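Student: The whole structure should be built from the sequences, with the hints applied where relevant.
6 protein chains.
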Amino acid sequence: MNLALNTLIDLALAEDIGTGDITTDAIVAPDKTGAGTIVAKEQCVLAGLDVAKAVFARVDNAIEFKPACSDGQLVAAGDTVVTLKGPLAGLLKGERTALNFLQRLSGIATNTHAYTRELTGSRARLVDTRKTTPGWRVLEKYAVRMGGGSNHRMGLFDGVLIKDNHIEAAGGIQAAVTKVRRELSHLIKIEVETATLEQVDEAIAAGADVIMLDNMDADQIKAAVKIVNKKALIEVSGGINRGNLKNLAASGVDIISVGALTHSARAVDLSMYIH
Amino acid sequence: MNLALNTLIDLALAEDIGTGDITTDAIVAPDKTGAGTIVAKEQCVLAGLDVAKAVFARVDNAIEFKPACSDGQLVAAGDTVVTLKGPLAGLLKGERTALNFLQRLSGIATNTHAYTRELTGSRARLVDTRKTTPGWRVLEKYAVRMGGGSNHRMGLFDGVLIKDNHIEAAGGIQAAVTKVRRELSHLIKIEVETATLEQVDEAIAAGADVIMLDNMDADQIKAAVKIVNKKALIEVSGGINRGNLKNLAASGVDIISVGALTHSARAVDLSMYIH
Amino acid sequence: MNLALNTLIDLALAEDIGTGDITTDAIVAPDKTGAGTIVAKEQCVLAGLDVAKAVFARVDNAIEFKPACSDGQLVAAGDTVVTLKGPLAGLLKGERTALNFLQRLSGIATNTHAYTRELTGSRARLVDTRKTTPGWRVLEKYAVRMGGGSNHRMGLFDGVLIKDNHIEAAGGIQAAVTKVRRELSHLIKIEVETATLEQVDEAIAAGADVIMLDNMDADQIKAAVKIVNKKALIEVSGGINRGNLKNLAASGVDIISVGALTHSARAVDLSMYIH
Amino acid sequence: MNLALNTLIDLALAEDIGTGDITTDAIVAPDKTGAGTIVAKEQCVLAGLDVAKAVFARVDNAIEFKPACSDGQLVAAGDTVVTLKGPLAGLLKGERTALNFLQRLSGIATNTHAYTRELTGSRARLVDTRKTTPGWRVLEKYAVRMGGGSNHRMGLFDGVLIKDNHIEAAGGIQAAVTKVRRELSHLIKIEVETATLEQVDEAIAAGADVIMLDNMDADQIKAAVKIVNKKALIEVSGGINRGNLKNLAASGVDIISVGALTHSARAVDLSMYIH
Amino acid sequence: MNLALNTLIDLALAEDIGTGDITTDAIVAPDKTGAGTIVAKEQCVLAGLDVAKAVFARVDNAIEFKPACSDGQLVAAGDTVVTLKGPLAGLLKGERTALNFLQRLSGIATNTHAYTRELTGSRARLVDTRKTTPGWRVLEKYAVRMGGGSNHRMGLFDGVLIKDNHIEAAGGIQAAVTKVRRELSHLIKIEVETATLEQVDEAIAAGADVIMLDNMDADQIKAAVKIVNKKALIEVSGGINRGNLKNLAASGVDIISVGALTHSARAVDLSMYIH
Amino acid sequence: MNLALNTLIDLALAEDIGTGDITTDAIVAPDKTGAGTIVAKEQCVLAGLDVAKAVFARVDNAIEFKPACSDGQLVAAGDTVVTLKGPLAGLLKGERTALNFLQRLSGIATNTHAYTRELTGSRARLVDTRKTTPGWRVLEKYAVRMGGGSNHRMGLFDGVLIKDNHIEAAGGIQAAVTKVRRELSHLIKIEVETATLEQVDEAIAAGADVIMLDNMDADQIKAAVKIVNKKALIEVSGGINRGNLKNLAASGVDIISVGALTHSARAVDLSMYIH
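From first to last, the protein sequence lines stand for chains A, B, C, D, E and F. At position 47 of the first sequence (counting the first as 1) the number is 47 in our numbering, and the numbers step up by one without a gap. At position 111 of the second sequence (counting the first as 1) the number is 111 in our numbering, and the numbers step up by one without a gap. At position 16 of the third sequence (counting the first as 1) the number is 16 in our numbering, and the numbers step up by one without a gap. At position 255 of the fourth sequence (counting the first as 1) the number is 255 in our numbering, and the numbers step up by one without a gap. At position 12 of the fifth sequence (counting the first as 1) the number is 12 in our numbering, and the numbers step up by one without a gap. At position 143 of the sixth sequence (counting the first as 1) the number is 143 in our numbering, and the numbers step up by one without a gap.
Hints listed in this document are in silico derivations from the structure and should not be mistaken for laboratory results. Quantities reported herein were computed from a predicted structural model and do not represent experimental measurements. Treat the hints with caution; some may be incorrect.
Because identical chains share one entry, a pair is satisfied inside a single copy or across any pair of copies.
Subject to a maximum C-alpha distance of 30 Å in a straight line, what follows is the list of computed DSS-like cross-link-like pairs (lysine-lysine) [stated by the list, open to error]:
| no. | residue 1 | residue 2 |
| --- | --- | --- |
| 1 | K53 | K41 |
| 2 | K226 | K246 |
| 3 | K222 | K189 |
| 4 | K226 | K53 |
| 5 | K163 | K222 |
| 6 | K32 | K66 |
| 7 | K131 | K41 |
| 8 | K53 | K32 |
| 9 | K226 | K163 |
| 10 | K189 | K32 |
| 11 | K231 | K189 |
| 12 | K66 | K131 |
| 13 | K131 | K231 |
| 14 | K179 | K85 |
| 15 | K131 | K85 |
| 16 | K41 | K222 |
| 17 | K131 | K230 |
| 18 | K231 | K246 |
| 19 | K85 | K53 |
| 20 | K163 | K32 |
| 21 | K32 | K131 |
| 22 | K179 | K230 |
| 23 | K163 | K53 |
| 24 | K163 | K131 |
| 25 | K222 | K131 |
| 26 | K179 | K231 |
| 27 | K179 | K246 |
Tutor: Laid out in structure tokens, this is it:
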């Protein structure tokens, strides 16, 4: 698991428990044990079980956390997702933080799943963007995969995306691609964002590996697919929703990126029962 | 500003920039400057301007960040929210992370604002819960205030909320309240979660400062208001939406808590233009 | 246990062991084991056993640490407090840091105990202040509780104390209370520091939950108790020592705060014997 | 300044301000400025002005902090020690933490000063021990110097002190010294703790650079001074107080170590006035 | 600049200055200023000027650091590389750490430069490997670029390299490529390590973007170049030195990777003169 | 083990694994296990086995790491150095970082060993300098000891070395020594760097414990040895290589310091085989 996750979990526990759980510490004896279950209150695709487990382990590593399902699984309302056993105080202290992680990540997986169902049978890939919750990038991109989506680059470091400002700073698409190619590891591809068909032409001529069609309409996309003619991958971006996804996929593009997968997912409803 | 925020901003920049922005570093000369504006693409209530500023300062403290609006302000689609000036590479590297903070926090403020409008003229307070994004507690509770809401306790450390598991562990409401009171700073109040009118009776008898009515229906709430009879504050929780908010407020309760303020807000649409 | 404690323990071990215990590393073979006892050299109230345990665990988690007493217990000179077993090098490296924690915290508990004995039979509470050793707040407030005292707020975040500068900035007690009330979680009370009986009047009128009488003499305190007349809790602060504690408590105040509990406690004498 | 100090200051501010100063944030406008003075309420030797300054800088670096005195200076009750100017909210938030540092460090300097006055005219050095507040080692040893004392080793890494357990593990003083000498940088001296005159003999024979006489009485010390006969430095330790310091110094020893310099100093009384 | 660098600089200063520079602190008054120059004592290619600057800034941000040359520049013995001005104590404390960074990074740039001169006129790229000093990856790969080399992937996260263990775990090259392709961002290429010409065939058939020829001899390489026939990039690795570099490049391969660029570079000789 | 090492290992794993090992994570099932051996590919002196073990433990603490040799041991090409067992994914992720540590540290030990062999039979000590890799000081000085060398001071905090700038700032050697002596712990010795025989005279007169002869030729060294006449230890520094080491040692000096032990060692060849 990603090392930065430990920092996020520590931040999360510090902000919730802070100088102490004054209710639990006053009432629950340290040696009292308990058991619990985490239950889905609505149909959803799970993501984040390992994170929830890590939260409880950090609170008290005597807590046993047994998943009854696995990440990526579609569960029904009422399904038991996890069973827990261990010190009651620890269960109470970790509950909210663990659920907050699990509900948000499962929310993203569930949201992504709703989009990917529209693409059944298509060869186009649904991918996420960098519009993720700061501090949560790796987790949210993992949740997208659990929902059946794919990932765009993780960040600015593992993929090249030449945008309008880069093009202008370099003095043109060809110049920008050349500058990047010179510095680049041979394992990373170059994507160029285009707003017009002329730019698509230039990007192909410059040897771009991937062409992003930014906010183009259906006719422009069709024309671009012809221009590109399999010489590069095509990504469409902007103005995409579950309603127009199927048609977009049918137009011959390779990749469809949707920021809403992460930035507009709501938490799904999961509860923890302790007894 | 909260010290933990620095850690979250560092996490966010590390996950996005990582070992370097390979596109920008190859194309944009370190001494090239630029200017930018952040613009609202839809009507929203702003929150997080200071956080966005801190992000750019961390990327390159030569960047000037001038807010044209302030947190808590309702802005219209098309309004310029911030103007920026400074090293172009820094503007490009900070853009996505700054926007991700600003869009999510403004989303929560905007969502809260939609709820609080329903309460105009009422003396009941709309409050948030602990169902926040892990790592973001202080920020999201701030955004709730910017949207016109109020805050419940920040975490487990600055307020007592005696729940069913605490009651059971203590052997009753009276016992639980007594145990907590003994350990408690004299500046913190005690809230007791109740599921039945009998429990409301017991909580009042035990001297609770606040009574939470958990998932009670309208009739139960009315009865509870009578029982409590101003001897404690009353919070209602569970099953609340924008539709039933007004009626709830009219029933005489003091506080209405809604997890959806934070856990189901979507990011609002803001863009940054660099030139 | 509080997460910040790990940071303090790491700081403490880093400052003591630094780049290595050059004496022990040169002399003691890594696989040599030993045993030890921590013994009280004077009568005292213990506090900090879990911290001492955590120190040894951090040095070498193969060390077994068995408390023979518990925090809050009054032990006599000569009593064995802890027995230890494990790698000799680890025992030698952890000894001084563990003792430094235990001696200081037990010193505070013992000092507090000497004060609370004066209050036997009284309903007034002895509380600490924010005059604690930087980095040690949670630990020292815990030690105060182990000595029979109670805690004032933990910090600036979990209780409101309106002081003279706040009153002046707000333009009066009433204005200050109103401003705070608007922003405040419903679980936190408001205390107002007063220097005159007029201010006591104003604070009551403003609805303060607690009135602090700052450096008032016995006659003023009596008058204040009458004015307040149970409408708020009363805290006295300033000029308190073990000699006048009993009389103060008899005057009808609820809370007596004493900075000396923490800022003027001396370490109690505990030794560790290794064999 | 020592880098670890930043961590301690952050810990201290986090534990005091935590999720926010709810009183000040609600009442004091961010752009309101103020001024302050820190005043000695009793005669004392100052130490820690730079630390107090660093605290305020960390809270708000717009605060101007001007020392009117310097560390090591003996000031009288009523003397102004520091004047401050800047954002009022920052002054209020930093006040308690800055004072807590300054009062404790000045307490140690003042306490040390009381001991060193007894040694006027003597060539013996008064030194501290490792019995310091965990997390505060460098600061407290600095305060000892400000009070006119000297420092023993900083920790286990910058000086060799062979104690009874080391001697036993090595199989004798000679063996212990030999083992350490082999591993040791040529810039570090070897001190051997002795409990009997026989051990003093052995330590001298082994080539120890410094001999510690642990808890020896006056006669033993005299005999030891003769045995050592300037072939090594002599440190006495144990059972030392301000009363017997002068006589000890006259006995011909070089170094007198006193744990009470740090572990039993009380905070001196300093106040901050904001206006 | 990479955020992790701050951590490395702090580690470096902590290990060198630790609890204080006891020589300088005792001798050099805090307000004494000085000037210095960093001078090349041998011909070398510079790398790390920004790092050296950051070291001095961390020690004392009043130090002015003016580079007289730039990274990537070939300088002669005797050339002044940097001039400095500021607090003398800070210059003395930062000197060794700054030089240690600059000498090692310039050593790598210089070493790389010696290799790349052999490739003048060739279209093959010289690249580094992951055999870098732990903690220094980004810095050392930067130094390689300053010496005229190129970078292989930064780490395990920004490039796929399928090695023998992966092939075996997947059950063949085709299976391995398929599994990775499914999970992979569309901006990252897939490289397959091959030890035989059969594996080269399989890798091409599986659609690998890059084929690594691991420790193949000249004849095998020639054969592989034919098989691949421009359908993928070819990297050679293993057994490469400055003597055989030219011939290798002539064989038609695209990329030549050399671990010795980083793991066997010696520090170049640079000195700092303070006056 | 040194606490700072954890930070270095975390830095190292973060820079290599970052947001995830995309090859291994896609191919190797989490529950698949494997075994491995680390083998010497050339004759070398080992150093760093505990560090390599700590790396694997941090990646996955289910990995068993069994050293077949020990640090300081001279092994032959082909010797198995470590055997490993555990989760295959963890073995693959930790391999490169663990080897990078082990190869560099063994490289230093091997290099040092080559120097110390020249000193067989001599009583002069070969010591390292502060010219180490930033972040690696404690590790590299440990490797020097494993190769048969000794350590100079660890850093600026545990030994006094008065250099030309200190002498000038103090106004002479005598003044410098006096100033330092006043502040210094009695366990730390004073070394003075000298460039002329006059300075040697002055340093002896000032009571220096150690005299460093900086870049003196053979005749000067002989003269200096006479002047010092056992009243202090003598260290020679500058212009030393394996060729002149023996003669230098014979000239009667005590300590020979060589920066090349650390700054010019190359990594030795070790490989890991996983199956």
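Student: Quick check: which numbered hints come out false for this structure?
Tutor: Number 4 only.
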